[in-house]
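Asker: Quick mapping for you: the protein sequence lines, in order, are chains A and B. The first sequence begins at -18 in the numbering used here and counts up one residue at a time. The second sequence begins at 11 in the numbering used here and counts up one residue at a time.
Rather than coming from a laboratory, the hints here were simulated on the basis of the structure. If you're wondering where the values come from, they're calculated on a predicted model, not measured in any experiment. Any given hint could be a false lead.
What the hints assert, rightly or not - Distance windows between CB atoms, simulated:
{"id": "1", "chain 1": "A", "residue 1": "Tyr132", "chain 2": "B", "residue 2": "Pro85", "range": "39 to 45 Å"}
{"id": "2", "chain 1": "A", "residue 1": "Asp31", "chain 2": "B", "residue 2": "Pro85", "range": "52 to 58 Å"}
{"id": "3", "chain 1": "A", "residue 1": "Lys142", "chain 2": "B", "residue 2": "Thr177", "range": "32 to 38 Å"}
{"id": "4", "chain 1": "B", "residue 1": "His136", "chain 2": "A", "residue 2": "Lys18", "range": "31 to 37 Å"}
{"id": "5", "chain 1": "A", "residue 1": "Met153", "chain 2": "B", "residue 2": "Asp77", "range": "52 to 58 Å"}
{"id": "6", "chain 1": "A", "residue 1": "Pro156", "chain 2": "B", "residue 2": "Glu112", "range": "24 to 30 Å"}
{"id": "7", "chain 1": "A", "residue 1": "Lys142", "chain 2": "B", "residue 2": "Arg176", "range": "40 to 46 Å"}
{"id": "8", "chain 1": "B", "residue 1": "Ala68", "chain 2": "A", "residue 2": "Gly152", "range": "31 to 37 Å"}
{"id": "9", "chain 1": "B", "residue 1": "Pro115", "chain 2": "A", "residue 2": "Glu10", "range": "57 to 63 Å"}
{"id": "10", "chain 1": "A", "residue 1": "Ser58", "chain 2": "B", "residue 2": "Arg176", "range": "49 to 55 Å"}
{"id": "11", "chain 1": "B", "residue 1": "Arg84", "chain 2": "A", "residue 2": "Lys18", "range": "52 to 58 Å"}
{"id": "12", "chain 1": "B", "residue 1": "Arg106", "chain 2": "A", "residue 2": "Asn(-6)", "range": "17 to 23 Å"}
Where a beta carbon is used, it is the ideal one built from N, C-alpha and C, also for glycine.
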Amino acid sequence: MKKPEEIFEILKNKFPDSDIQIDLETPTEPIISIPPKRVYEISLFLRDEDGLLFDSLMCLSGVDDANGEKIKDEDGSETIKGGTLSVYYHLYSVSLKHKITIRTETDRENPEVDSVEPVWKTADWHEREAYDMFGIIFLNHPNLQRILMPYDWDAGYPLRKDYKNPEFYKGMKVPY
Amino acid sequence: MLKNKQRKLLIDMGLLDQQFSDSNIVITKAEDLMNWARLSSLWQLGFGLACCAIEMMATSASHYDFDRFGVIPRPSPRQSDIIIISGTVTLKMALRIKRLYEQMPDPKYIISMGSCSNCGGPYWEHGYHVLKGVDRVIPVDVFVPGCPPRPEALLEGLLKLQEKIRTETLRKKSV
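So here's chain A without its partners, still in its complex pose:
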């Protein structure tokens, strides 16, 4: 059983050329930030390294940080330009009974993150959902298509903070 701080030190030593940071000021457990294009190899290491053995991905969530430049539209709504989208991974080791929260940040205009589907099969649908709701592209995902919204939904990604619902979908009025 290891504390997040110890796991952070292990990662820091194993991947010295990656920008890995730890945030200890969170109200919950500490969060370790890793670069989006290193997610796959770091995940594989977390899963297979003796003493870590994170065999379970409890949850994978997308987040819109909404930290870009907010541009007011004519109708009063806001569009966000720039900034970041994040993906959070909650990992648990069944055998060692420890857990960790990993976060990666990606560019909002071109959001690309490594897929961890080859590492934890759970990630398949979770990543599809994050793609569906936030438009985050998971590189090397075997079947990255929408999971909840209609497959042909072309009005954007609903959980982005500047999302605007369309007036009609296939002849059906959408707003109340």
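Please arrange chain B on chain A, whose structure you already have, making use of the hints.
Answerer: Relative to the frame of chain A, chain B by itself:
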């Protein structure tokens, strides 16, 4: 030949306006007979969407016994007379509901059960994925309010539908 008990039932239902002394003949209007047959055997499409479907299943079960009104679930829209929209209608599901409705043979009826399918319910404002009322895609006969409605409310909705069917006419309606 009708047995006395059956004839009494028909009289009680207002289908027969007179009782005959001979017990082997019934006179009624074709319209009344058709309506009576229809409203007494509403086969329901076995179809549920959300938490309302649980109440609908409870209504079908022995305690509330939908079958005493002639409502039994059918596994195919081709054999169904009524569809109960029991739950949240998403935009994705709305297209499927429309298709199911179109697959049902006439005459067909719709009960919209619960706030979600009536008007979007709790998703009315921020439900980017919810159709705000199933009557935007198919013509609803009876709206049952509630979130979810209790089985008694659904039964009341069915009785309202039966009342509606009782007054139907075979005459061609002008469009």
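Asker: Now tell me, hint by hint, if it's right for this structure.
Answerer: Going down the list of hints, with the structure as the test:
Tyrosine 132 of chain A and proline 85 of chain B have their C-beta atoms about 27 Å apart, which leaves the hinted 39 to 45 Å range violated. Remark: the range hint 52 to 58 Å for aspartate 31 of chain A to proline 85 of chain B is upheld by a beta-carbon distance near 54 Å. Between lysine 142 of chain A and threonine 177 of chain B the beta carbons are some 52 Å apart, a value that contradicts the proposed interval 32 to 38 Å. Separated by about 34 Å at the C-beta atoms, histidine 136 of chain B and lysine 18 of chain A satisfy the suggested range of 31 to 37 Å.
The beta-carbon spacing between methionine 153 of chain A and aspartate 77 of chain B, approximately 35 Å, falls outside the hinted interval of 52 to 58 Å. The hinted window of 24 to 30 Å between proline 156 of chain A and glutamate 112 of chain B holds, with their beta carbons roughly 26 Å apart. Between lysine 142 of chain A and arginine 176 of chain B the C-beta distance comes to about 53 Å, which lies outside the given range of 40 to 46 Å. At roughly 35 Å, the beta carbons of alanine 68 of chain B and glycine 152 of chain A sit within the given window of 31 to 37 Å.
Between proline 115 of chain B and glutamate 10 of chain A the beta carbons are some 59 Å apart, a value that agrees with the proposed interval 57 to 63 Å. Hint check: serine 58 of chain A to arginine 176 of chain B, Cβ distance near 51 Å, so the stated range 49 to 55 Å holds. Between arginine 84 of chain B and lysine 18 of chain A the CB atoms are about 54 Å apart, so this pair conforms to the stated range of 52 to 58 Å. Between arginine 106 of chain B and asparagine -6 of chain A, the C-beta spacing of about 54 Å breaks the proposed range 17 to 23 Å.
Figure legend: structure checked against the earlier numbered hints; hints not met, in rising order: 1, 3, 5, 7 and 12.
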